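Undergrad: Here are the chains, one letter per residue:
2 protein chains.
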Amino acid sequence: MTRYQQLADILSQRIKEGLYIAGERLPSVRVLSDEHGVSISTVQQAYRQLEECQLIEARAKSGYFVRCSSNLPSLPAICSHAQRPVEISQWENTLAFLTRGDQENVIHLGVGSPDLSGPGLKILSRLLSRVSLHQSAEVLEYDNIYGSPVLREQIARLMLDSGNHQSAENIIITSGCHGALAVALGSVCQPGDIVAVDSPCFHGAMQTLKGMGMKVIEIPTDPISGISLEALEMALDQWPIKAVQLTPTCNNPLGYNMPDERKKALLTLAQRYDIAIIEDDVYGALAYQYPRPPTIASFDDDGRVLLCSSFSKTVAPGLRIGWIAPGRYLEKALHMKYISAGRVATLPQLAMAEFIKQGHYMQHLRRMRRQYQRNRDIMTGWVMKYFPPNTCLSRPEGSFMLWVELPHGFDSLRLNRCLLPLGVQVAAGSISSASGKYRNCLRLSYSKPMTAEIERAVQKVGKVIYELLAESEPKVTLVADEPHL
Amino acid sequence: MTRYQQLADILSQRIKEGLYIAGERLPSVRVLSDEHGVSISTVQQAYRQLEECQLIEARAKSGYFVRCSSNLPSLPAICSHAQRPVEISQWENTLAFLTRGDQENVIHLGVGSPDLSGPGLKILSRLLSRVSLHQSAEVLEYDNIYGSPVLREQIARLMLDSGNHQSAENIIITSGCHGALAVALGSVCQPGDIVAVDSPCFHGAMQTLKGMGMKVIEIPTDPISGISLEALEMALDQWPIKAVQLTPTCNNPLGYNMPDERKKALLTLAQRYDIAIIEDDVYGALAYQYPRPPTIASFDDDGRVLLCSSFSKTVAPGLRIGWIAPGRYLEKALHMKYISAGRVATLPQLAMAEFIKQGHYMQHLRRMRRQYQRNRDIMTGWVMKYFPPNTCLSRPEGSFMLWVELPHGFDSLRLNRCLLPLGVQVAAGSISSASGKYRNCLRLSYSKPMTAEIERAVQKVGKVIYELLAESEPKVTLVADEPHL
Numbered sequence: 001m002t003r004y005q006q007l008a009d010i011l012s013q014r015i016k017e018g019l020y021i022a023g024e025r026l027p028s029v030r031v032l033s034d035e036h037g038v039s040i041s042t043v044q045q046a047y048r049q050l051e052e053c054q055l056i057e058a059r060a061k062s063g064y065f066v067r068c069s070s071n072l073p074s075l076p077a078i079c080s081h082a083q084r085p086v087e088i089s090q091w092e093n094t095l096a097f098l099t100r101g102d103q104e105n106v107i108h109l110g111v112g113s114p115d116l117s118g119p120g121l122k123i124l125s126r127l128l129s130r131v132s133l134h135q136s137a138e139v140l141e142y143d144n145i146y147g148s149p150v151l152r153e154q155i156a157r158l159m160l161d162s163g164n165h166q167s168a169e170n171i172i173i174t175s176g177c178h179g180a181l182a183v184a185l186g187s188v189c190q191p192g193d194i195v196a197v198d199s200p201c202f203h204g205a206m207q208t209l210k211g212m213g214m215k216v217i218e219i220p221t222d223p224i225s226g227i228s229l230e231a232l233e234m235a236l237d238q239w240p241i242k243a244v245q246l247t248p249t250c251n252n253p254l255g256y257n258m259p260d261e262r263k264k265a266l267l268t269l270a271q272r273y274d275i276a277i278i279e280d281d282v283y284g285a286l287a288y289q290y291p292r293p294p295t296i297a298s299f300d301d302d303g304r305v306l307l308c309s310s311f312s313k314t315v316a317p318g319l320r321i322g323w324i325a326p327g328r329y330l331e332k333a334l335h336m337k338y339i340s341a342g343r344v345a346t347l348p349q350l351a352m353a354e355f356i357k358q359g360h361y362m363q364h365l366r367r368m369r370r371q372y373q374r375n376r377d378i379m380t381g382w383v384m385k386y387f388p389p390n391t392c393l394s395r396p397e398g399s400f401m402l403w404v405e406l407p408h409g410f411d412s413l414r415l416n417r418c419l420l421p422l423g424v425q426v427a428a429g430s431i432s433s434a435s436g437k438y439r440n441c442l443r444l445s446y447s448k449p450m451t452a453e454i455e456r457a458v459q460k461v462g463k464v465i466y467e468l469l470a471e472s473e474p475k476v477t478l479v480a481d482e483p484h485l
Numbered sequence: 001m002t003r004y005q006q007l008a009d010i011l012s013q014r015i016k017e018g019l020y021i022a023g024e025r026l027p028s029v030r031v032l033s034d035e036h037g038v039s040i041s042t043v044q045q046a047y048r049q050l051e052e053c054q055l056i057e058a059r060a061k062s063g064y065f066v067r068c069s070s071n072l073p074s075l076p077a078i079c080s081h082a083q084r085p086v087e088i089s090q091w092e093n094t095l096a097f098l099t100r101g102d103q104e105n106v107i108h109l110g111v112g113s114p115d116l117s118g119p120g121l122k123i124l125s126r127l128l129s130r131v132s133l134h135q136s137a138e139v140l141e142y143d144n145i146y147g148s149p150v151l152r153e154q155i156a157r158l159m160l161d162s163g164n165h166q167s168a169e170n171i172i173i174t175s176g177c178h179g180a181l182a183v184a185l186g187s188v189c190q191p192g193d194i195v196a197v198d199s200p201c202f203h204g205a206m207q208t209l210k211g212m213g214m215k216v217i218e219i220p221t222d223p224i225s226g227i228s229l230e231a232l233e234m235a236l237d238q239w240p241i242k243a244v245q246l247t248p249t250c251n252n253p254l255g256y257n258m259p260d261e262r263k264k265a266l267l268t269l270a271q272r273y274d275i276a277i278i279e280d281d282v283y284g285a286l287a288y289q290y291p292r293p294p295t296i297a298s299f300d301d302d303g304r305v306l307l308c309s310s311f312s313k314t315v316a317p318g319l320r321i322g323w324i325a326p327g328r329y330l331e332k333a334l335h336m337k338y339i340s341a342g343r344v345a346t347l348p349q350l351a352m353a354e355f356i357k358q359g360h361y362m363q364h365l366r367r368m369r370r371q372y373q374r375n376r377d378i379m380t381g382w383v384m385k386y387f388p389p390n391t392c393l394s395r396p397e398g399s400f401m402l403w404v405e406l407p408h409g410f411d412s413l414r415l416n417r418c419l420l421p422l423g424v425q426v427a428a429g430s431i432s433s434a435s436g437k438y439r440n441c442l443r444l445s446y447s448k449p450m451t452a453e454i455e456r457a458v459q460k461v462g463k464v465i466y467e468l469l470a471e472s473e474p475k476v477t478l479v480a481d482e483p484h485l
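From first to last, the protein sequence lines are chains X and F. Numbering (full-length UniProt numbering) for the first sequence: 1 to 485. Numbering (full-length UniProt numbering) for the second sequence: 1 to 485.
Treat each hint with caution, since some may be false.
Derived pair list, reagent style EDC-like, types lysine to aspartate or glutamate, alpha-carbon separation capped at 16 Å [stated by the list, open to error]:
no. : chain 1 : residue 1 : chain 2 : residue 2
1   : X       : Lys122    : F       : Glu141
2   : X       : Lys210    : F       : Glu331
3   : F       : Lys332    : F       : Glu141
4   : F       : Lys122    : X       : Glu138
Calculated from the structure, these hints are not laboratory results. Small disclaimer: the values here were computed from a predicted structure and weren't measured.
Working from the sequences, and respecting the hints, build out all of it.
TA: In structure tokens form, the structure reads like this:
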């Protein structure tokens, strides 16, 4: 047995004995090296082995932590879907979700907005102010039809982190990632076409599919490895599918990172059936691991992937800066951008280009990733504490969304109606499906600082869930099942 | 004969004798009142009579001027069209037009951008800066899905000027007027539907029709009274037209204001055939007359008009703030906005709301209207001076576009190719048609201050036009026809 294996065994034993508990920070590499009289690299190898065994996890700039996976609730089930194209419903529920997000005096635990209180954003506000005054001629004039050249340069540089070697000329600025997804769809599909999607799926993309007259086939999706390639292949065999649209990195709402090998396999499948891939990477830069996982687009060698992203989740949604790298569909994508919105506002683009160039963007991103990873554990803890014990939970590897599955028959739309007088809302699971599935699921966001006020809101949600579940159970068990909250 | 008629006769005589020449300012009301010993109201009545006879025209804050209509070139001809739906082409030519507009070192006489050098815009830049710093939380967060409530309030107030009584709740903010037109089309049409349009027509709207899979019927349009209702009615009888899309006020590119009675008659026609009207009012507030002409929407009592507009032509296109008042199609329009762009950038909306509220908008508008009216006369004069004598010209009553018609067979795309090495471009007429008509026409913008540099550019265009026309004529007349430039 090598020295690093010996050390790994010792540490593993300590974790199992509860000497280091779930979520706790492990000793630094230097401390362990001194303690055991071994080299730094031996400690590093030992830690790597424990990581591979899923006993511990590294967090950027914070060190190694004991994973709490052994104590975690079960994962949500893979939803079985009718393997046929369906019309998309759920606009009314989505609209209710969106307008409640705009209301004041409601703690909306479901809204996908990032934390905007960090110091990086103060710098950004100053840049917006400076650009307003010092580049006023550019700010007021029509933007370049592709988008600001300086910003596209910076985005091309950022994309190297996800393995993409794109020149700035192949990137088009859009109105947020939502605008990019609409451009992508319009570039590869005609109304009436069938698009395959991961399921559950981002509600906004679903409504865009609806508005553009598409039908969808919802493909069962694993909460750890992503869209089922087997089910997708079956669907491709049966139906004239034009494209597959998915969020393979920091999936919304499930939070997984699709393994690289499966990303490659999906690309091979797309090549075999000659379909386009619309890859939503809006949360990709918020993966907790470093370096961030590669995009499917980074493996693409024949331009069939349309990569869509934005700064709405990494920096601030109010800027409305997204982009698309549409591969072989560049000219069609430019037409789709032009016809749907003309150009994009110039001021936020120029300020953002400066924000990246001066290094503030990467610094902000690092801070946010750490915050969201910490918040994930806190929010997971609160859900485990306040929700019924049989609640299933996703295990996000990036971003700031938790997917919660309650027993079959539970109604999250009703939950929201009960929560409204209490000033709390969640995102009902059904808006993440074309056909209103996932009604027993809900999405919680953990982007904001995890204050006592948010904890109380989660507690209220848990209390109402208990009440609703009790109602649907035989009267005799009503009291017995309810804990003291 | 009353006293005011006597006075009107005297003034009319003087104009005919050349005592007051075309474009000259007439004496002020007070001066004439003293000179002729009549009351102020008598002079005003006399001037009103001369206005009605089209001999003179009033200009806001500047007084009365002799009209130069008697000397003006002929109007462009009404184009006859195949009265059937056509597929839309011209994207390549439109793209060339758009990308050349983005190039530096090219004087682009065709681009529809307003003048951005006025003092009002310095105030706007300061407001943008102030909002960036003092409302940073709002600026960075997702905008309300309908658009900023404070801005929608201000727009509702502005719309009273065009006769529209709309509550702020019925207005949706979009990404420019282009975004509003896309939302409007998506709200009332399905791909494959037929839309009737005025012709020539705004090239951007045409490409949006193309991108959304519509077919169009181009309706012959009079350069003074607008779309031919007779031809439209014939088309409605023959084809299942879903909507008519037009720019009835300060038309782009023809510059006319459709008379109120014809606007009402169009609405009656739309009611009879139960079609929607998509009214592009983006230039409406730049009508030279005061008060500005009413919109078709102002006569609408059953919500079939979708009014689209923006601040891109009145203030600054880089802000990307447009809006739609979609009448009975409000919910569908909201869906179309959401699916194509998500939300709209918050910062420009908040700054613009403040700009209007503090009174700067109306002041800026008055200044711009005067400038554009003066520029129209200067540009008209230059075209008459430098272009061949048989050139036909529009007589804009608002906005900042001149439509130029050259002899049949002239090729404005070739003109642009010849102009490129000279660093000048115009808008080729063919992009204003679905099917590439108007190739012998071009559009000139006169928004910018009319400098000697612009005059030289117009002169260069004229010189190349003479050369191209000479080439296509029999050799013997080549020299004789060409003046000394």
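Undergrad: For a quick check of understanding: which of the numbered hints are violated here, in increasing order?
TA: 3
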